[in-house]
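As given, the protein sequences belong to chains H and V, one line each in that order.
For the record, in the first sequence the residue sitting at position 261 is 261 according to our numbering, with numbers rising by one throughout.
For the record, in the second sequence the residue sitting at position 251 is 251 according to our numbering, with numbers rising by one throughout.
Do not take every clue at face value.
[To be verified] Chain H is faced by these chain V residues, among others (derived, beta-carbon under 10 Å):
{"no.": "1", "residue": "L107"}
{"no.": "2", "residue": "V110"}
{"no.": "3", "residue": "H113"}
Derived from the structure by calculation, the hints contain no laboratory data.
These numbers were taken from a predicted model, which means no experiment stands behind them.
Every residue, glycine too, gets a C-beta built ideally from N, C-alpha and C.
Letter by letter, the chains look like this.
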Amino acid sequence: MEKLDIGKYIESAIDSITQHAGPVLDGIALVIEGIVDGLQNALLSAPSWLIMILMALIAYYVQAGGVKPALTKKGFKKAFGLAIFTVIGLFLLLWMDYWEETMQTLALVLASAFLALLTGIPLGIWAARNSKADQVIRPVLDFMQTMPAFVYLIPAILFFSVGNVPGVVATVVFSLPPAVRLTSLGIRGVPEEVVEAAQSFGSTKRQLLFKVQIPLAMPTILAGVNQVIMLALSMVVIASMVGAAGLGERVYSGILQAKVGLGFEAGLGIVILAIILDRVTQALGGLGKK
Amino acid sequence: MSKIEVKDLYLIFGSKHKQALELVKKGVSKDKVLEKTKCTVAVKNANFSIEQGEIFVVMGLSGSGKSSLIRCFNRLNEPTSGSILVNGEDVLKMNDEQLRRLRRTELSMVFQHFGLLPHRTVLANTAFGLEIQGISEAESYEKAREMIKTVGLDGYEDMMTGELSGGMQQRVGLARALTTNPEVLLMDEAFSALDPLIRTNMQDELIELQRKLKKTIVFITHDLDEALKLGDRIAILKDGEIVQIGTPEEILVNPADDYVRAFVENVDRSMIVTASSLMFKNTGKLILEKDGPSLALRRMREMGVNRLPVVDRENVFLGFVRDNDVVELKKKDDRDLNKILIKDVMPKVAPDTPAADLLPLFIDKQLPLPVVDDDGKLLGVAVHSSVIAEVTGRDREEIIEIKNSGGL
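In isolation and in its complexed conformation, chain H is listed as follows (with noise of 0.2 Å):
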């Protein structure tokens, strides 16, 4: 018996793509590169004391839950506290000397979670809303958690040669599964008796929708929000093999010249701003229910 040959069928679909869907590709790519470009151009053009400052109070407002919340000591403690870390952890990848790498790779890290937010939270409403579309969406997100991350490059490069557009394909689709699965949970989590209470009023589907159902599911879909930065700031390192700029780009030639010095600082790096990106985004959490 021949052999089953899976790969080849893949192959060949992944050819007729490119081959016919060539225009739509390329639109794609320019309009992901036009979101990544001009956050790396913002970021960078700024002076590097005003995006440091910037994120100091962006991570002090959201920690703190508001512009002028009542804070306790401690909450007004934890809140300062992370805006000092955000201060001097930009400062030392400063005086290293990775400013760019850091400002490339968090460009990257929000244009990949921006869009597939943009994808999943609808993507997860409508699983929650439609109990057919959920029975479809949730084997293909097993799939895609399940599948190693470095898989996706291929098609990429396929469909969008090197460079940032193709890393950027690789960790949305990477990055996405966990915005569909806590926006969905979030909604069907929301008590049927509020549901009816809303129904019996009279609600529409769109009333029911944004007066009820996504208030009332903001804290776990903000839980997706966080879980889906952190994918995204995890995967842009691996997206670095196929040409993304940024920290994972020195990590990557750390491997590639068995240079253990320039793979640790750059890793560093990368922990500086998980850290930062995780306790803001964990905070938004506190943001939803207030």
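Got chain H sorted already, so can you dock chain V onto it with the hints?
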């Protein structure tokens, strides 16, 4: 014309409900239908009408289909067959637009666990019904404020609903339902999640509110006492079928079958609750041979009472002493409590005497009834106010108040 008319209503859950409906109509039992089609028959051939301005109570145990039935009225549950006429219009034939209008203006619902929006204030919750009709915030908030006042929550407008107690949350639920000025209120076990005391309160207030507003109320409950108290008429539901509809009186006097009778038998609590569960066990008592007036006074002060039971060394009940008499005795420097003992005024009762039978025995309302065992040994005392509270179903504080004001 009746306000609401329900005709031949069936509600069956499950994907093969059409097949199940045919079986049910042929007279196949619920269990058989479930076995054959995996469909649950929630409501079976319901026929009744509800008049303008009455409180119509649907009563049944959990699983009897009462909540499923009330959800048919505004089609939160989609009935399998039959018709529900509200003001002569068949709800089941309405399209989405008509149904929304019905829900927005005609029928409002109050839920067992309130169904409030936790991310909104009391005011914003109350205004919800008007808000989704597209009415301006200024106008809807004004009406909401008015309704919040009506249910006695003024001052709480800007609190989040999660900060309120259960009773207050349900007031918000009620205010929200009333704000759209509906003609019909659907109340699904609206008071079942509340503490007994608050529940009684809310029942009284609902009756008071109804006197003013004159809505048509469909009230679902599993509690017969609540049904009897609130209902102008009561429908009793068993396994999705209505077994009896009638006024509280009719249902109490002429229960239609054993099922209803079993319910009704439990009503008169005063015949079931006995002296032993009513009495106070830690009454403090004096032992005739040993205790004198000083100790008697001290113990009365400790207990906060003006009389104490007196027993002998064997704990056999002898009588009561009053504080005034003890003071007199003490002034005379006499130690013998026997001289002031009040004997044979209050009859001794056995612990299994029903509460209703205790009431006529209070010859002196200031003194409690001694509850004694077969050997005459003191078990405890039953106080007048507790007995009245049990028999009338009012709470004890209330009775004491009425007594103090000279009402009893």
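Exercise for review: Would you pick out the hints that fail for this structure and give their numbers low to high?
Suggested key: Nothing - there is no hint that the structure violates, so all of them hold.
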